[in-house]
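A.B. asks: Heads up: the protein sequence lines correspond to chains A and B, in order. Residue 1 is where the first sequence starts when you use the numbering used here, and the numbers rise one by one after that. Residue 1 is where the second sequence starts when you use the numbering used here, and the numbers rise one by one after that.
If you are wondering where the hints come from, they were derived from the structure by calculation, not from laboratory data. C-beta: ideal position from N, C-alpha, C; glycine also. A portion of the hints provided could be inaccurate.
Stated by the list, open to error - Taking beta-carbon pairs under 8 Å as the criterion, some of the chain A residues facing chain B (in silico):
hint : residue
1    : His-35
2    : Pro-133
3    : Val-137
4    : Asp-138
5    : Asn-142
6    : Arg-162
7    : Asp-164
8    : His-166
9    : Pro-182
10   : Ala-201
11   : Phe-206
12   : Trp-210
13   : Glu-217
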Amino acid sequence: MAETTHTTEQRQRQLRNVESSAEALDALRVSPGAHLAEEMATATKAGGDAVGLRERAFAVQLGLRATPGTASAQALESALGITLPKQIGEVTGDEAGLYALWLGPDEFLVVDVSRRQRPGETLIAEASLEGLPGQAVDLSANRTILELTGAKAREVLEKSVRTDLHSRVFGVGTAISTQLGPVPVIVHHSAELEYRVYPRASFADFTVRWLLDGMAEFLTSGGGAGFAGSASAEAESSD
Amino acid sequence: MNSPHTSSADTGTRADTGTRRMPQATGIDSSRPVRFTVDGQAYSGFAGDTIASALIASGRIDCGASTYLGRSRGILSAGIEESNALVRVQPRVAGDVSESMLPATRVPITDGLEADYLSGLGILDPGQDELVYEHKHIHVDVLIVGAGPAGLAAAREAGRSGARTLLLDDRSAPGGSLLSSPGRSVEGAFDESIDDVSAAEWIETTVNDFAEAEEVTYRPNTTVFGSYDSNFFVALEDRTRELVETEGTGSDASAGSADSHRDNTASRAGTRQRVWHIRAKQVVLATGAHERPIVFADNDRPGIMLASAVRTYLNRFGVAAGQRIAIAATNDSAYELLADLHAAGIDVPAIIDSRTTASAMAERVVDTTGTRLILGSTVTGTAGEGPAGRISRVTVAALDEDAVAAGHGENIDVDLLAVAGGFSPVIHLHGQRRGPIVWRSDIAAFVPRTPVRDQFTVGAINGDYSLEAALKDGAEAGNAAADRTGFAAALTVPKAAAMTYAPARPLWLVTSAEDDHTALTTHFIDFQRDQSVADVQRAMNAGMRSVEHVKRYTSISTGGDQGKTSAVNAIGAIASILGETDLGSVGHTTFRAPFAPVPFAALAGRRKGELFDPARITAIHPWHVAHGAEFEDVGQWKRPWYYPRPGEDMEAAVLREGKAVRESVGFQDASTLGKIEIRGTDAGEFLGQIYTNGFKKLKVGKGRYGLMCKPDGMIFDDGVTLRVAEDRYYMTTTTGGAATVLEWLEEWHQTEWPELDVVFTSVTEQWSTVAVAGPRSRDVIAKIAPNLDVSNENFEFMGFRETTLNNGVPARICRISFSGELAFEVNVENYYGLAVWEAVAEAGAEFDITPYGTEVMHVLRAEKGFIIVGQDTDGTVTPQDAGMEWIVSKFKDFIGKRSYSRIDTAREDRKHLVGVLPVDGTTRLAEGAQLITSGTPVTPEAGPVPMIGHVTSSYMSPSLDRPIGLAFVENGRNRTGEIIQSPVAGGLVDVEITSPVFYDPEGNRRDG
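So here's chain B without its partners, still in its complex pose:
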């Protein structure tokens, strides 16, 4: 509405080559013109057009030049198999970005669309793609892939049974190959009516029936790109057109409604693509076939087009791709095109058939149309003197018995050459499941030998190209598939006229006797990769024989089109060079997902930005945010790292928080620790097996620190476990180990000691935990828990009490310390976490209570030489290595015990946990830094540097006012006082080996 109709003068010479719209197109709405630009030039087409069909209608058939050789190329196909016509499309709606490498044959035109042809290489738009890409997961009884006649017939039968039926198709309209047929009776053309109505009418009725059936879904624009075990499929649904038409500017918003009855999912503003994850009980593959070009000299010019595509453009889009069209045939399908071209009044100077005798179909069509038929011949070369390198002439020569061209040939002037090199059934989804395939020489095609389990293959995928067979096989498969899932129904087979196709005579290499294969540099096999017969020969001269090797040596079939039109021709070329007539003996390359390119944005779906990964937060989290905490990611948890005050850097904040705990009182959100309720008469016995130390004799009301090892004797997790009752324990684990430890307990109970009476339940998130640490912590606890006697005599270290806080909240308070200071942990039901945290803050205000984060927790425990599992340990550390022999029971058995008698774990000079103090008192060592014996040469000339250990923790100590570190050093405990070295900032610093306990070694501060 907002821009005037583009006149043909605007489009320059290209618009005036004389192409025109036929009146009877089945796939466009000629009452709705659509304006768009390509390479900055304005064009117009109609609703229903693709960029390719609208450009051809405007007289432009050339596309971007080839990637490596810069050769002129043109639109080859009319579908997903396109190798040449790739475009970049500019953003179409708000939040969109430009997208590259889209086949022009697949992009529907919308008003205002701006596209540019590419030369095989895309340009990634650095902008933010704000459109919605999402995933859906569905389960169906019967999945049908492909909505051609076979797929439609299958879906109709499966749907009638009441089975949950899903029909997916990569095209925007149902019908498959029928979309390319005239859709009505054309004089001289073939009868493609179904059940005595036109194919178009049958399709419409069938699809309308789907809309009525509750359990049948037909989803167009949806490409199945992966097939996996157990009939798990993934498909990409493209909703770009609906999105543009509902949101885009200057367009009629009702445009999408034609399709809306087929899909009961309303469209959200912005949903551009969906990845469907489909689990199907039974599958019918009705994926059709793609036509192949013919490999002759200069077979890549603009205006050389697949015969089936010429037919599609003619009938579906009403576009004659040329005005003087020669047809190079190797089989009967080309005669369907000939009949349609003749009916449309288009000049066909000749049809050139590789076969030596005219088939029944050829004879009939040639007779009806009066077309010149040249038998036993083919096109051997072309001239490209038309606009933009377009084909202007073909050279035709006779073929001898071995399909070698003989004689000088005849030149025929043309503006388009339709090539019918034979069809390659779309066996990709079958092949992805490693379904067996077989070469059928009568149709020159690889077809499935047998379907994979719980699948059917019907129609052209089997090489059955007749409409009658497609409908029959489709209907039977749909009926049988539903029956296998428990939904039986009477079978009805749609009727169509019988049609017989005579055998094909494929041409793999069109050469003359004197040709040297290495010189055949314009006999193109893979247009997108610019690879020719010469390249295949070069690969074979290098010794390659396997098709997999040749593929990788040449890069044939590795482009965005994944060799849809080139893979079989490459196999044919290999076979020809090897003198092999059976392509089956050469074999096919392996099929892998994706069948067609899938944007990463679609695979990511909604998992980006704040939805990328869950951030687990505690009940107290809002307070941390409000008080300026910096957060550390611990697993998926957000834990406060430190709370900088205005102007403070991390080091200053950490020193302040640490001093507060040592000198007065601090509090920390410890809610993320794993918590497990354990009950049973054998709970104590079981825990004794799990922990290196005993828990059977632990008194009710008391807690104990415990260490767990794997059977190899290496430290695995640690934490404090409370004995709540005779038969009840409450275990805590590390934050990261919560889920693993619960599974560990279940595994050992279920597999080794099922006779023990013990059960477990995770209560990690039932409780919020506030750690209160520092010499004044007792005062704070006394204030918030007035009913509790908090004196050292009556509330001993590692004891716990049930009480009610001054705000009425029931709490369990433990005397546990991870800092060496007097400390308590207040546990309340998660709901009250925030209220109790605030109560602690209020009660502690008079002592200047300071919130502290994980960094200070790490620093304070390092001052005490307490390990952190996963930081100081790495799965190779025994309790003895960590200096924790005291916790390893000598009397009872436990997981890992036997490993301590192994020679390697028993030796005295393993790496030991030690303290490392930089001698200068100021340099902070790097965590992970290596440690070496003093004087060890470290120059490259001196060769490998022997390491004796590494630093596991390193901090600035607020209590000692100097840097400290923990390290594992060979025989370290026996080297106390030795000066070793560690690299820091390009130099070496001297480091003294010390005890790992830097602060209050006597433990005087624990009781306050």
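Next up, chain A with everything else stripped away, as it sits in the complex:
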């Protein structure tokens, strides 16, 4: 049914999608944290059960503007197959797949971490809003998703997030817009020992470095403790 309501422009886009080979596009994509992938992997290895950090690159992220309970919200919910959260902090859906974060009373970020973004992600959602107020915008490239894991993940975040991250308050399935040190981010408690941090793309470089710095105290030096550790600390401080 959505097919018939497409605008000319949307049909043009669909044509383009056919032209675009998904694989060829993937070869051209670079994620905002890609240049630090090796540093993240090294730290994750040294972090053991305590801490780990990786980028969940190219996940689908759609920005929605609609007031819950309105026809627009209902249209978007049925088009995307998700219920929108009703209050601050709430996350709906499945954090291993499709879920929605509350950003404001009429503003949401719908994320699908189970697949890569493709051109034309918003077509169905946009079509559902035909004749209705509201908005569905592809924001997949706007932010990247950094996943901080491990028993000490919360302690790493507590170094720079001012809001209460205690599990009694910020349990699994909670997300807020806040600051990570000097960076505006969304912080999302996505699983027992897992937090997702969503910085805008331009901040990804700084955010990864900032998090790696916060993780440093929980990393094992990889074998020789004590003496080797202090020797490497000396080497670092001398350059």
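Take the given structure of chain A and dock chain B to it, following the hints.
C.D. replies: Positioned in the frame of chain A, the structure of chain B alone reads:
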């Protein structure tokens, strides 16, 4: 292990004054000797010692001479209130720097530590401090400040309820005042057992219970230094000892493990200090009290020590601070010391009590110990003939009813004088919140009148010095605090023996009847500032009455110790001089953070070096770096400024890049521009209100330049907005204005026109933008977008097209120009920014496509007379001033419109945007330089120089091969051709007023 034990002979005469360790110290591990040096001299002590306790044990009590008067001074206290014994500690681990102004009473000794005494002034180490200082943010239900008996009892009760409980304490071990007590039953001493076990055992059990409880944290070495609204607290945790012991050389790495169960945070190599930001629902202040000295003549000699400190050194560190100790008392606390000294076998020739009758406690202890008690008297003076100026004798005289000393007095030989001037409750955190305080004359102390909201005060802070009261009040407060946060539990109150303290008789000024206050120059009040009663009198002779004025006139309480031991004595002195007995009527100075000094390094935390501030980078950034770009900071963005080739300076690079755009083709990373998706049936109507020009009738597929003003009519932001669909627009803003404009749109929509159907979403970072500019740009675009008809007829100026590039990437290409040249902007999803930039580079190679930076962008637009909001405008420029009347709608309403009918904005002779050309054709004007009418005298004798405007932009023009400038000049548009002047390098140059459009005024180049 690597250096032999220092023999006492090495430490010279000081080590042989006969002090010794008592066998029963509660706070040191005598199986672990520690060697260190002070002032180059070797000393040894034991693990658990501070520099002060180890030095006293070695017989050295003197410290650095006083700051201003150079008087000999000694260790006064055993804690954070220390005013005299300040040290500089040399780097202890790799990456450390030396640190000054640390109280020797607070620095734990570690093997190899090197310290020097200071005379009140620190020396900043210019070296790089590479240690880690970081911040932590936590929220708790109940915060307890102070781990003395009251705080421990409070934490125990709060913790049992399941409430998130945090107990912070500035000392390295829990127990507070109990650390200073014998920790076991001593014959003749007071019973300080709790729940029928020794205090030490009770403390250990209590703290071990904290470790078991998941939601209870006890953090030692953590000083709460600030208290703010809504129970927001900041505290400094010092981990230096752990750091030194795990990383330092020659030490047993397991040393820190004794404390580790109390803190589940593992220590990273290098974490030296943490600033804790704590938000608490309820707070229990159990901050204790600091003892005060007594103000008599020569009260500052080495060997004059607070009685409570003498007791702490004796019991906690096993150090007798002297062998012949007199005690000057004003209250009952001194008798606890007397009992302990007697039990330790130390000679106490006399206890001198200001009170006229012996209290019950005094009587009991004096009877048991057989000590000579001198009532109704005090110490009026001292002699300092001991080593290093140490006290050798006290003079004791009787006091009359008005506490004035009478008679010649008696001399008593001593090597230490313990002074018990009374206690000042630590009300600082209460006071920082402007909590009300009241003077209690029975104990001679300021105490909180009522706690501030959502706080409790318990124990000595309230002037309740008995152990029984501290435990009871603490437990009740901990229980009630938790209850208020929704965690109820049964209350258990730890039991201790009842104890009653008789009223005190404080002494503010020990003088004789004939004394002139201005002569009392050795009656010291603030040791760190070397301020005496004479200084207070001088301030009052100058007319000061308020304690705040006297404080600032004299500098009393402004040292690093912030007057912990001197503030109340100063108030007492003021009151005495005023003949006032109620110190409450004089009042207290204002309490402000920090309670104790905090290193700037700790406040900075990790925000230094590359982590100082985020550098926002585009997807194309790696290419810019690889191609040698110099960067300009635009907000937090790193934007390529210019790309110098080997051997090129900035001017040469800019001229080359500019010529490339004018003559062939250049490309620029324009990704930082703000971008906002706008949708709604009223979007066009809304934009018409926001912009001075209309957007309702803009055709789908076309863009339009728009200008925004504030309600005052002044230019605020600008940019091109595209109409993507009937109900969809895509707005661009300036780089710096991206966030502000989005908020601006939301504000006007939410507050003024909520009925309009329009919504906004920032997409600034969803898109990368590559600007391709120059006569050959069409050729480049044709190559990368083969599906697109790029002819002028079919891809008109300000049009845009959706297409797929030759590499498969979907793109939106616009024909927008900021240089006056034929130009395009290629927008692709951010992921593809780098790939598409490289594709443009490759496609443009045959035209020698040149990357250009922000500098050339600025130059090329200036050649065309295009303004840059924020450079040429400053919030006082209307569109009409900028010569942009054409963009201001005459028909519709918009934000700022009404302001144009104001007399001042409507007048014709406002400052106008004009071009300014140096007449000599070679001199470049300075941006920001003033402009004056030719012939205006500019000498100082001629007085103020009337200015007629200023230069806003000035460049060497690559197209005109001469310097050009933009300026705002009074009535400038009507003065075209006039020669005015501007100062350059000390002289004046002639400048011609011209049109701001220097290049291609007909606009012929726009279409290629």
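A.B. asks: Decide, hint by hint, whether the structure agrees.
C.D. replies: Now the hints, each set against the structure:
Interface hint status for A/His-35: upheld, as the beta-carbon distance to the closest one in chain B is roughly 7 Å, under 8 Å. For A/Pro-133, the interface hint holds, since its Cβ comes within 8 Å of a Cβ in chain B; the closest pair sits about 5 Å apart. Taking 8 Å as the C-beta contact cut-off toward chain B, the hint placing A/Val-137 at the interface holds, the least distance being around 5 Å. Annotation: A/Asp-138 was flagged as interfacial toward chain B, and the flag holds, the nearest CB pair being 7 Å apart, inside 8 Å.
Given hint, A/Asn-142 at the interface with chain B, holds; its Cβ is 4 Å from that chain's nearest Cβ, closer than 8 Å. Nearest Cβ of chain B to the Cβ of A/Arg-162: about 5 Å, under the 8 Å cut. The hint holds. Taking 8 Å as the C-beta contact cut-off toward chain B, the hint placing A/Asp-164 at the interface holds, the least distance being around 4 Å. A distance limit of 8 Å between C-beta atoms decides the matter here; for A/His-166 the minimum to chain B is near 6 Å, and the interface restraint holds.
Among the interface hints, the one on A/Pro-182 holds; its C-beta lies about 6 Å from the nearest C-beta in chain B, closer than the 8 Å criterion. Because the beta carbon of A/Ala-201 sits about 4 Å from the nearest beta carbon in chain B, less than 8 Å, this interface hint is met. For A/Phe-206, the suggested interface contact is upheld, since its CB lies about 4 Å from the closest CB of chain B, less than 8 Å. Restraint check, A/Trp-210 versus chain B: the minimum CB separation of about 6 Å is within 8 Å; hint holds.
Annotation: interface hint on A/Glu-217 holds; nearest CB of chain B at approximately 2 Å, less than 8 Å.
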